[in-house]
Amino acid sequence: MIEQYTITTTPKYNFPQPTIDTTLPQRFLEQSLHSLKQVQHQPFQLNQQNFQQFQILEQHPSNLRLKRQPITLKPNHQETTIAAVDTSTIKIGETSTGIIIAIRGATTWKQNRNYRYTRLGPFIFHITEENKNELYKTLEKSYFNTLYSSNRHAIPHLMQMPTRLASLLERWLQTMLAKTVTNGLILFDGSLTSGTIDTPIQRMKDILTLARRNKNTVLAFSKMTSLRVNGYLITDQLPKYEPPYLLETTGIQFKPPTTLLGDVYVARLNKANYAFRLDIDSEIPLQLRMNAVEKILGNDLYMQGYPETLRLSHILCTFTANEVLAIKHFITRKHGIQIINRPDMHKLLFGPFGKGEFS
Amino acid sequence: MKLYKKEGNILQILSFPNENSEKGDYLLIEDPDANKALIAQVIDMQFANIPGVLEELLRTLPDGGEPIQGEDIDPLEIAPHITYMQDASLLICKTRATLQNEVLSPSSSWLPSRSQSTIKKLSVPMLMKLAKVEGTRPIIVGGTKDSALLTIDATAIDGTLNIVTGKKGCGKSHLSKLLIGSLIGYKATVVIFDLNGEYTSIGMTNDGKRNMYYDKIHALTPSQNFKVALDQLHLNVVMGILIHALHLPGTSSREFRRLWKNLKEKGCLKLQEMGEAIRNLNCNQHVRDALSSRYHAFVNSGFFTDNPAEATFLDECLLKAKDQGGAIIINLRNTSTIDRQIVVEYVLGKLVDSLQSWKLKATFLFAEEAHLYLRETYWDDIVTRMRHFGIFTTFITNQPDTIRESIYRQADNIFLFNFTNEHDLDVVSRAARVDAETVRSIAKDLPPHYCLTLGKVVHDFPIVARVRSLDMKTMGETRLFFKSMN
Numbered sequence: 300m301i302e303q304y305t306i307t308t309t310p311k312y313n314f315p316q317p318t319i320d321t322t323l324p325q326r327f328l329e330q331s332l333h334s335l336k337q338v339q340h341q342p343f344q345l346n347q348q349n350f351q352q353f354q355i356l357e358q359h360p361s362n363l364r365l366k367r368q369p370i371t372l373k374p375n376h377q378e379t380t381i382a383a384v385d386t387s388t389i390k391i392g393e394t395s396t397g398i399i400i401a402i403r404g405a406t407t408w409k410q411n412r413n414y415r416y417t418r419l420g421p422f423i424f425h426i427t428e429e430n431k432n433e434l435y436k437t438l439e440k441s442y443f444n445t446l447y448s449s450n451r452h453a454i455p456h457l458m459q460m461p462t463r464l465a466s467l468l469e470r471w472l473q474t475m476l477a478k479t480v481t482n483g484l485i486l487f488d489g490s491l492t493s494g495t496i497d498t499p500i501q502r503m504k505d506i507l508t509l510a511r512r513n514k515n516t517v518l519a520f521s522k523m524t525s526l527r528v529n530g531y532l533i534t535d536q537l538p539k540y541e542p543p544y545l546l547e548t549t550g551i552q553f554k555p556p557t558t559l560l561g562d563v564y565v566a567r568l569n570k571a572n573y574a575f576r577l578d579i580d581s582e583i584p585l586q587l588r589m590n591a592v593e594k595i596l597g598n599d600l601y602m603q604g605y606p607e608t609l610r611l612s613h614i615l616c617t618f619t620a621n622e623v624l625a626i627k628h629f630i631t632r633k634h635g636i637q638i639i640n641r642p643d644m645h646k647l648l649f650g651p652f653g654k655g656e657f658s
Numbered sequence: 025m026k027l028y029k030k031e032g033n034i035l036q037i038l039s040f041p042n043e044n045s046e047k048g049d050y051l052l053i054e055d056p057d058a059n060k061a062l063i064a065q066v067i068d069m070q071f072a073n074i075p076g077v078l079e080e081l082l083r084t085l086p087d088g089g090e091p092i093q094g095e096d097i098d099p100l101e102i103a104p105h106i107t108y109m110q111d112a113s114l115l116i117c118k119t120r121a122t123l124q125n126e127v128l129s130p131s132s133s134w135l136p137s138r139s140q141s142t143i144k145k146l147s148v149p150m151l152m153k154l155a156k157v158e159g160t161r162p163i164i165v166g167g168t169k170d171s172a173l174l175t176i177d178a179t180a181i182d183g184t185l186n187i188v189t190g191k192k193g194c195g196k197s198h199l200s201k202l203l204i205g206s207l208i209g210y211k212a213t214v215v216i217f218d219l220n221g222e223y224t225s226i227g228m229t230n231d232g233k234r235n236m237y238y239d240k241i242h243a244l245t246p247s248q249n250f251k252v253a254l255d256q257l258h259l260n261v262v263m264g265i266l267i268h269a270l271h272l273p274g275t276s277s278r279e280f281r282r283l284w285k286n287l288k289e290k291g292c293l294k295l296q297e298m299g300e301a302i303r304n305l306n307c308n309q310h311v312r313d314a315l316s317s318r319y320h321a322f323v324n325s326g327f328f329t330d331n332p333a334e335a336t337f338l339d340e341c342l343l344k345a346k347d348q349g350g351a352i353i354i355n356l357r358n359t360s361t362i363d364r365q366i367v368v369e370y371v372l373g374k375l376v377d378s379l380q381s382w383k384l385k386a387t388f389l390f391a392e393e394a395h396l397y398l399r400e401t402y403w404d405d406i407v408t409r410m411r412h413f414g415i416f417t418t419f420i421t422n423q424p425d426t427i428r429e430s431i432y433r434q435a436d437n438i439f440l441f442n443f444t445n446e447h448d449l450d451v452v453s454r455a456a457r458v459d460a461e462t463v464r465s466i467a468k469d470l471p472p473h474y475c476l477t478l479g480k481v482v483h484d485f486p487i488v489a490r491v492r493s494l495d496m497k498t499m500g501e502t503r504l505f506f507k508s509m510n
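Chain order of the listed sequences is H and F.
Numbering of the first sequence is given in this note's numbering, commencing with residue 300 and proceeding in unit increments.
Numbering of the second sequence is given in this note's numbering, commencing with residue 25 and proceeding in unit increments.
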């Protein structure tokens, strides 16, 4: 598919206006409504577990080294657009045939010293063993107009569906930012690791290529990492050096098909004793990478060493308990789903010693 | 609405935004299985403790700045459900009675089902019907928030001790005038101690014409159209004035009693003769001086006269009022503290005399800011002794702590207007017929002219009503300096 830009001409300016592809949200909505119709007037068991957070487990690469000499950084105050994206998913409850989940995404950007956001969702899905394949394929197809993966792992297990659908939405939002932002910095939550079940290599490559085409730099911040050097987490091995600085890593090799599309750094951006794994698009020249981090320092707030734009994205997409209640209210009222109280077998069998299914 | 919690006689009810409830509203909690219902009154409202609300509010604010601007694309329209949850409220209610087989009982010793009970609003007319607040002599106090009329029965004020209280300018005098007008309409005798002269025109309409009460209003202004001749006075009344209003010591009182009897026997009970007799009294100089100073207080008050034509026969006014109903308004405006006490002592003494001798059946006494003229011992007299003679008092005050606690304890009805001050509310909440929580919570938020009616008149179901307007000339307005300049 060839990317096309519509050109709008005004008397003074002539700049590209990327067409916003709204196919995915439309499909999300259609599939959401379609899946909820199937569950009407069914009894529904509220979720007994806490919020399910979207996480990708990292594999442990071998030969990982952490350079002890920090790359020092100076804040660059040149006005730069900083945009970030994050998604969140939560299991609302169970039906006799499947699960009900909610997904929401948020993009945040800082421009002209103001933060703005767009929140998409929540989309609510009733996922069953019967509809999960169709649901996932429909959404994935609407994303790239083609299926990236054809292996048997492409269709996830029912319990993986929330994170997989959220991942789809997240990749779509990342694509939208890559298309619409120019000369900016795009912050992802997580890493630039690809080749995993929910992030095919080509999908991530396309996003990065698109971003580069618009002179953007993609930087991915991980709140948690499992990368270790000499048995210690890379974010715990901070030299006594005045922040802000980056520590470079070398020798990261993942087991195929997992591929890293970025170079990994440890970023300590302020005096708060927190450091984060930072992946920067490896196709970006070294000087531009450092320049990008310095622009974050000069343009964004970074409380506890974490960019505010990304923090806001995360905060805005997270489901609060109030919203979960509202979603339950919505599905009860609009779709006539009856809430039932199925006993928690752990509690039932073990009494006070039963700590719940996920303990 | 859903029943959430019960602690003692306090119920907590979860209410959603479309179920509009306000403080003072009554709710009927029906348990179909128990075939009973609880009647509870909303005394306070709080936000329901919905989990996640704080996070929801916090995330709209970035680091202490303006709310973050943005767009929410919410295709399933979940947002109204979120606000619906956020705006859920918790109604703190006080149980008032149990309804079983259309019969009310004050008990709330049972627990309605939390899952099965249905909760609905109970309108004031329905409540009044259930509580059998009805009678042959209705007084329409005003309108409730649900546009119903609050009607009490005049017989519920009969034989009772009432208090009308609230902060300045909230409508206490207005309600008193309404009660007075209604009582006169039912041919009752009403005596009013009018401290500011604001009741004198209740016989006139707002536009200055005569209203239906005109002929029944007897406004008496001491030393103007209200004077008494000494020979009309009973010795007990004079002694009351001397001892209680003018603080005459015991020895001097005994001398005065002797002097009075002598003058009466001689048939010359006149001011001039009394002055002469005191001057010529053969007694201790201090006693003579004491009597002389009290005599001059009598003379200077202008309330006493030797001219029988000038003298007003309070008895006559009382008799007129007895036959057709009427109000005797004692206008105490522009009267000094001492003179005020003299007049009040005289009127109360006269009333007791008339009631004791059955010249009067009973009278309703309205006393505004009574602490300014009522002697200490009268407070207890009024609630105990005088009530048995047939003086049924209504105290009107904006300083509730000036009324003795014993009065609150024995008050049968309280008409409570807005108070903001906690101390004032604490004082009022000592009344036996109300619970402190109701008084503190509801009275604090009453708008002007709204009155919380408590006690016998509403069968102990506190009801909030806006006092209806009256076609009476109101004189209670404060004179303003800037009013004419606008």
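Keep in mind the hints are simulated off the structure, nothing from the lab.
Just to be clear, a hint being listed does not mean it is correct.
Stated by the list, open to error - Chain F residues, not near chain H, derived (Cβ > 12 Å throughout):
1. Leu78
2. Arg83
3. Thr84
4. Ile97
5. Ile106
6. Lys211
7. Ala301
8. Leu396
9. Asp405
10. Arg409
11. Arg464
Stated by the list, open to error - Pair ranges (Cβ atoms, derived):
12. Thr107/F <-> Gln410/H: 51 to 61 Å
13. Thr107/F <-> Gln552/H: 30 to 40 Å
14. Gln70/F <-> Gln410/H: 48 to 58 Å
15. Val127/F <-> Leu332/H: 14 to 24 Å
Keep in mind it's a predicted model, so treat the numbers as computed, not measured.
Glycine included, each C-beta is placed from N, C-alpha and C at the ideal position.
A quick look at each hint next to the structure:
Distance to chain H contradicts Leu78/F as a non-interface residue, since its nearest Cβ pair spans about 9 Å, not more than 12 Å. A Cβ of chain H approaches the Cβ of Arg83/F within 12 Å, the least distance being about 5 Å, so the stated non-interface status is violated. Not every beta carbon of chain H lies more than 12 Å from that of Thr84/F, the smallest distance being close to 9 Å; the non-interface claim is violated. Residue-level check failed: Ile97/F sits 5 Å from the nearest beta carbon of chain H, not beyond 12 Å.
A cut-off of 12 Å between C-beta atoms contradicts the statement that Ile106/F is not in contact with chain H; the least separation is 4 Å. No Cβ of chain H approaches the Cβ of Lys211/F within 12 Å, the least distance being about 60 Å, so the stated non-interface status holds. Distance check for Ala301/F against chain H: the nearest CB is about 89 Å away, which clears 12 Å, and the non-interface claim stands. With a least CB separation of 56 Å from chain H, Leu396/F remains clear of the 12 Å interface cut-off, as annotated.
Under the 12 Å C-beta cut-off, the non-interface status given to Asp405/F relative to chain H holds; the minimum distance is some 61 Å. No beta-carbon of chain H is positioned within 12 Å of the beta-carbon of Arg409/F; the least distance is around 63 Å. The Cβ of Arg464/F lies farther than 12 Å from every Cβ of chain H, with a closest approach of about 31 Å, so its non-interface assignment holds. Against the hinted window of 51 to 61 Å, the Cβ-Cβ separation of Thr107/F and Gln410/H comes to about 29 Å, which falls outside the hint.
Distance hint check for Thr107/F and Gln552/H: the Cβ-Cβ separation is about 51 Å, which falls outside the suggested range of 30 to 40 Å. Checked against the hint of 48 to 58 Å, the pair Gln70/F and Gln410/H fails, with Cβ atoms roughly 41 Å apart. Range check, Val127/F to Leu332/H: about 53 Å between beta-carbon atoms, so the 14 to 24 Å window is missed.
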